[in-house]
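Protein chains in written order, with my numbering: chain P, 111 to 282; chain Z, 271 to 980.
Be a bit skeptical, because a hint or two may be false.
Said to hold, decoys possible - Capping the alpha-carbon separation at 16 Å, the derived lysine to aspartate or glutamate pairs in EDC-like fashion look like this: (1) P:K274 <-> Z:D477; (2) P:K250 <-> Z:D474; (3) Z:K926 <-> Z:D893; (4) Z:K315 <-> P:E153; (5) Z:K332 <-> P:E240; (6) P:K250 <-> Z:D468; (7) P:K250 <-> Z:D477; (8) P:K264 <-> Z:D477; (9) Z:K845 <-> Z:E538; (10) Z:K695 <-> Z:E946; (11) Z:K573 <-> Z:E452; (12) P:K161 <-> Z:D497; (13) P:K267 <-> Z:D474.
Treat the hints as calculated values from the structure; they're not laboratory data.
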Amino acid sequence: MTQFAFSFDVSRCSACLACVVACQDQNDLIVENIAFRQVTIHEEGELSSVKISSLSLACCHCGDAPCVKACPTNAIFKQDDTGVVDINRDICIGCHCCELACPFGATKFAEDGKMAKCNLCHSRLTNNLEPACVKVCSTKALKAGPLEELTKQKTEKASVIILKSLITTQNK
Amino acid sequence: MISHPDLSIEQLQEGKISGFETQIEIKKTTCAICSANCGIDASVKDGVVIKVEGTAENPANKGTLCSKGAANRQYIYHEDRIRTPLLKRGGKNSTEFEPISWDQALDIISSRMLEIKDQSGPESVVFFSGFPKRLRPFLKRLAHGFGSPNYCTESSTCFYATLIANKLNYGCAGEADIQNSECLLVWSTNPFHSATADVSNLLDAIDTGLKIIEVGPLITPLSSHADIHLRIRPGTSGALALGMAHVIIEEGLYDSDFVNHWTVGFDEYRKYTKQFTPSATEEITSVPAASIIQAARLYASSKTSSLMSGASPTVHHTNGVQNHRAITALIGLTGNFDRKGGNRVIPSSHYGFNTRQDEFEQSKPWSEMAPRIAQEVLPVWSELVEQAQAIPLPAQIHSGKPYPIRAMLAFGLNYRMWPGSDNMKESLKKLDFLVDIDLFLTDSAKLADLVLPACTSFEKNDLRVWSPNYAIWTEPVIKPVGESRSDINIIIDLADKLGLDDPLLKQGQEACLDWIIKPSGFTISDLKAAPGGMFLPEIETPFFQYKEKGFPTPSGKMEFCSSILKKAGYDALPKYVEPKHSPVSAPEMALDYPLILNTGSRLPMFMHSRTFRLPWTRALRHDPMADINPIDGERRDIKTGDTIKLSTHRSSITVKAHITQRVPPGVVAMFHAYPEADVNLLIEPDYCDPISGYPGFKSLLCEVTKIMDD
Chain P
111 MTQFAFSFDV SRCSACLACV VACQDQNDLI VENIAFRQVT IHEEGELSSV KISSLSLACC
171 HCGDAPCVKA CPTNAIFKQD DTGVVDINRD ICIGCHCCEL ACPFGATKFA EDGKMAKCNL
231 CHSRLTNNLE PACVKVCSTK ALKAGPLEEL TKQKTEKASV IILKSLITTQ NK
Chain Z
271 MISHPDLSIE QLQEGKISGF ETQIEIKKTT CAICSANCGI DASVKDGVVI KVEGTAENPA
331 NKGTLCSKGA ANRQYIYHED RIRTPLLKRG GKNSTEFEPI SWDQALDIIS SRMLEIKDQS
391 GPESVVFFSG FPKRLRPFLK RLAHGFGSPN YCTESSTCFY ATLIANKLNY GCAGEADIQN
451 SECLLVWSTN PFHSATADVS NLLDAIDTGL KIIEVGPLIT PLSSHADIHL RIRPGTSGAL
511 ALGMAHVIIE EGLYDSDFVN HWTVGFDEYR KYTKQFTPSA TEEITSVPAA SIIQAARLYA
571 SSKTSSLMSG ASPTVHHTNG VQNHRAITAL IGLTGNFDRK GGNRVIPSSH YGFNTRQDEF
631 EQSKPWSEMA PRIAQEVLPV WSELVEQAQA IPLPAQIHSG KPYPIRAMLA FGLNYRMWPG
691 SDNMKESLKK LDFLVDIDLF LTDSAKLADL VLPACTSFEK NDLRVWSPNY AIWTEPVIKP
751 VGESRSDINI IIDLADKLGL DDPLLKQGQE ACLDWIIKPS GFTISDLKAA PGGMFLPEIE
811 TPFFQYKEKG FPTPSGKMEF CSSILKKAGY DALPKYVEPK HSPVSAPEMA LDYPLILNTG
871 SRLPMFMHSR TFRLPWTRAL RHDPMADINP IDGERRDIKT GDTIKLSTHR SSITVKAHIT
931 QRVPPGVVAM FHAYPEADVN LLIEPDYCDP ISGYPGFKSL LCEVTKIMDD
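Just chain Z, with the same shape it has in the complex:
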């Protein structure tokens, strides 16, 4: 440790400077509040974290953090942390729990799960993971080892629908190669607030001449850097993409060589885009025709163009998958697929490089298990995604069809993830047995029969790999709070109690991870020698992989007309249909609810429901607020701070008004998951995309009205 002769011990302590004099030690871990998992330097004194900073040598965040990451101390030491296993007393509707031992808890869970399995089959038990990501390969293995096909996750509303769209078009997805790009098309994502620590590269690229086309109704921090910002009406992405394609094709700006050799269905696609003239597209999207033409020309005629989209904004619509197909079709149309400076294909495992994750997870083939929840209803999901879709889960709990769902083992469950969240809450009450594992006794945990305390990333071992080649194995930097335990260890212990014949799982987390990462040529022991993380040997990923192997689609080519969709009875072309409830598709409803409700866009201080309870982050936006354009506010005599009713034809919630031009006229934006103002109460449980089952969180109809204070 370094000694600091110039400063007094008091000064060093006040500045929380690490070293021999202060007895403050810097220990390396990661933040797990969002999935960026930034490297953290935790300053620890007497076994307590007294400060956090970003890890300077970690290329993912280069010493920086976001407001949530900086608030980690209030997260890990929150008074609401669950400290022991808790058993519910006094029946389903009670919220009284008594502390029990881990042994008792695991015994109760395993005996109830085995009993229900005996009576109703293993498929009647659901294994669910909310936002937590690292535990997932283990949970899926546990589910299938138990015999249940019903492993499902929060990815039922996040990321997979974009992956489905990419798989339908290309068989795989391509990431924007920003560093080598001349033009970046950013489609409805706000990296400044969703990947805060990773934006310096983007800003530097802009400083050195990267052109930006931004698409999205909201103004984001990127907007002031954008050369063109197309502020679409929410839910019309597909039409805009088809309109851009129209210009690109009509003006001969497409890559005819790629289209001729490597695509199927171009003629039908070309014919279909004819109706999306700039003026027709303006009519649908509200984007001026001249801007559409300008954007299409800039994207298609730049030497290299890449496309960046978020995990969900483009697919949180009732027309989501087809919208996203239309958007990503532009990559192939302009020859930018798997090309330097375009969208390149990189290994897409949980760990960022080639692993045996799939083999580890799929411990039993689908054919040896019952059909998954909604397998018949969502055939494309079931073909392309290796888990069950959780959104139709409440419907099956209520109906018991095609088979009953009786129990659920959940990690980080939040029923407010579901559209019609009250409906999901009621369905959970119908279960014979519900276990939730969480940090806090959340409203969802309160519904459980038994609750287990998990610990944070600061209190456990974990492996994290950042693409392309930086990895860390973390040791706990503090002792677990109370009797809380690592989620992965809970799964391993449960597997044992359930009597799973799984010798690998029995060997523990480290052995399992070594097995998974074996193809990479490094081991957990290698990583232990580098506490802050280390660079792995860089794996050269070649461009134009399709020229060697073809596309992993049924035709071996990029599919403008999807053979998978055709077989399943959907439109094979990326056809544009209006959102189910829009001013155009539901004019009757729009008489009473004339505004478009757009929910869930990122706010910088919140990560779903995870940081509401932290005083630091909560103070940054104290009240649940609906963002309303000044024009719409003025028409309704609503000012910032007014108490208002935000309603749809289903229900209403009471929030504060926030008048801002962040939202365009006619659009109201509301953040999700507030316990006291849950916007998902306003959305029908079946307001979903027919291909992915994703909820249409980002385009429906609403109204706001002022509530007169007494």
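Same shape as in the complex, but just chain P:
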């Protein structure tokens, strides 16, 4: 199984919040006005040294997902092809055990009392389309794909930065 996941580049996120709404539009989160994705802004430092940064977080599609273990009816499961943590809402009993277990607050509860969550736009993914939140992201802070590919991209990006600094140091 290839594990799919999100990746996030904190240096590019502008807290524009488009990912939150694109997800709501894709998933028809209209009546409840709940959101599967949340953007949190954090301020660090004071006056001239202040830094404001933001993180967009949804379900992390954990490898060893606590919500899957906590679910008494096996409504929450991992998709075979992608490792996406998904839910069969037909057998969810709305017990909130997953909410207790999830360290990220990724489980949401709809008006029918049952859990609803991000499934990495599983049917888009298997149809070679990016998840709605990734497609909408103008700064490319948010990406999705096979975990190995995502980490490889991050390693390459970091390596280029390291190489550039080494070259600059050498030239001095």
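Given chain P's structure and the hints, the job is docking chain Z onto it.
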């Protein structure tokens, strides 16, 4: 359409995947919530939009959108959409309307407008456009065809004052050529939240070494990328620019060749900048002297430097035009005007390339019409801008001087655009006849005698061209909601009812647009063949156009000393004066109102008042909140979420506190246009820049106090 054998129909439907199995079709349109007009792929099933995405092949947004654009479904299908023409019952103060037919509505409008024209002259009827942009050439043509010089728009508070400043300096404006630049000076604008879909290019340029100097009191998403961030006291841009010029001149970093050959007034300018030493400039702007020197050196000594500013932040001050002149003077001073990697001149028509828009709009010369509103008071505006300034409109409605204003035909009117918005609201009630055309029955529409329902961009034909060369002609992707109609078609129908002798307008929108874009060599039919839009043949715009033709100023050169300003009785140099109400200029007032109020800076989920009513965007910032620095909050025992009173010497509003270092100490930022907390109530109607008439939205004096909950 593509078939998807691996997925069940349920899965395809759940994912809203287009195709034969799901009967979901992707139709191309544009978003019209802001003027970026991003390309939209609307997923349509059974005549209903079920999802939106950005158009991948559109170079303007490359498949992306912002939070507002992504919320388009809640905009187009909002329950508050007006569905029929509405006629007010029971007098001016009533808010009761009855549905009437389009025929009845257009008959009433034309007969009332013609009656008022007969009695008081065509100039007593104002033609106004709020935020909508595409209809403007048509509305201006209608106004002048009717005989009224009083065509005015929301641009009375947006963009034109920066254009005036540029025209005074250079005769035209230059856009930042970021891709070829080594250093970008970003002056009080936040492209991440005002042009969200267009920032990937900027980030990529930063990744490959573009240096960033950011100027502005607020921390923006750009700040963490900036090499230098100069957090000025609001309203002191002019002083900072003059301080930078001082360093550039003293250290011999200016382009003496350009200055000697292509400018006038340099000696006086040089003499004037002498007083703006780094330490004197620090005193005024609160920016450390060392940072001013560092920024001036980086901007002036980079091989190519460009300047990016917003449409309005630098000019929403009572000293706005001169501030912006001082800022843009740095471009010429360093030889970066109309140069590769500097600020280059591109055609500035509504459509992004050379057109006959001006001829189309100005269907009658100014000389054949009465003077515009405030033409005498704002001579520079009237000389450089081809429309009336709307901010003095309420004053003329109240005074009836120099002639009465009795009626207004408005598209997307929002009286909360005006400083002292209650004053504007009262003036609208004095009109004999007010028509508003809108999507929703807004608070302004409720003041109208007659309201017409417009439709959204998803429901109509439209032409959009993105600079430099991508264009789209949209077909409606859904049927209009209710009986709503395209704004341009409403104008064309009205022209007919008013009996305008205008054969071109009679031929309809498409024929008019073909006439306007004729010099471009393509037609609307060409665009129809490419539903998602198409690239037009690229027009080479040469650099250094002034070397051929000179500058389009009275002297033919860049003017450090403006001959137009001198003639009109203003300071010819870009002189710095304090904002009318600042801690320095109004120390008495500052005893009671010690904080600086900065209003209207962009928030990512709102576009003026347009997306307040959408549950998705509203949930992202539910309450009207004033941003307050922790230091100022602590002094007043105010914490995030507290109910507070935000007041100026004019009035006060009740909002929630949001404690954040986004604003520097001593500054309070408040978003505008909230119906329940309208910050423009706090600003005097005449708190304006003397040259442009622009309101000083971004620097005045205020105080915040905690309201104890019972």
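Here's how the hints hold up against the structure:
1. P:K274 <-> Z:D477: 11 Å, holds
2. P:K250 <-> Z:D474: Given pair K250 (chain P), D474 (chain Z) holds - Cα atoms ~10 Å apart, limit 16 Å.
3. Z:K926 <-> Z:D893: 7 Å, holds
4. Z:K315 <-> P:E153: 44 Å, violated
5. Z:K332 <-> P:E240: Status holds; Cα separation ~14 Å.
6. P:K250 <-> Z:D468: Roughly 12 Å between the alpha carbons, so the hint for K250 (chain P) and D468 (chain Z) holds.
7. P:K250 <-> Z:D477: Satisfied, since the Cα-Cα distance of roughly 13 Å is no more than 16 Å.
8. P:K264 <-> Z:D477: Roughly 14 Å separates the two Cα atoms, so the pair holds.
9. Z:K845 <-> Z:E538: Since the Cα atoms of K845 (chain Z) and E538 (chain Z) sit roughly 11 Å apart, the hinted pair holds (cutoff 16 Å).
10. Z:K695 <-> Z:E946: Distance ~15 Å between K695 (chain Z) and E946 (chain Z) Cα, so the pair holds.
11. Z:K573 <-> Z:E452: Between K573 (chain Z) and E452 (chain Z) the Cα gap is close to 7 Å, so the pair holds against 16 Å.
12. P:K161 <-> Z:D497: 13 Å, holds
13. P:K267 <-> Z:D474: It holds: about 13 Å lies between the C-alpha atoms, which stays within 16 Å.
Checked against the numbered hints given earlier, this structure breaks only hint 4.
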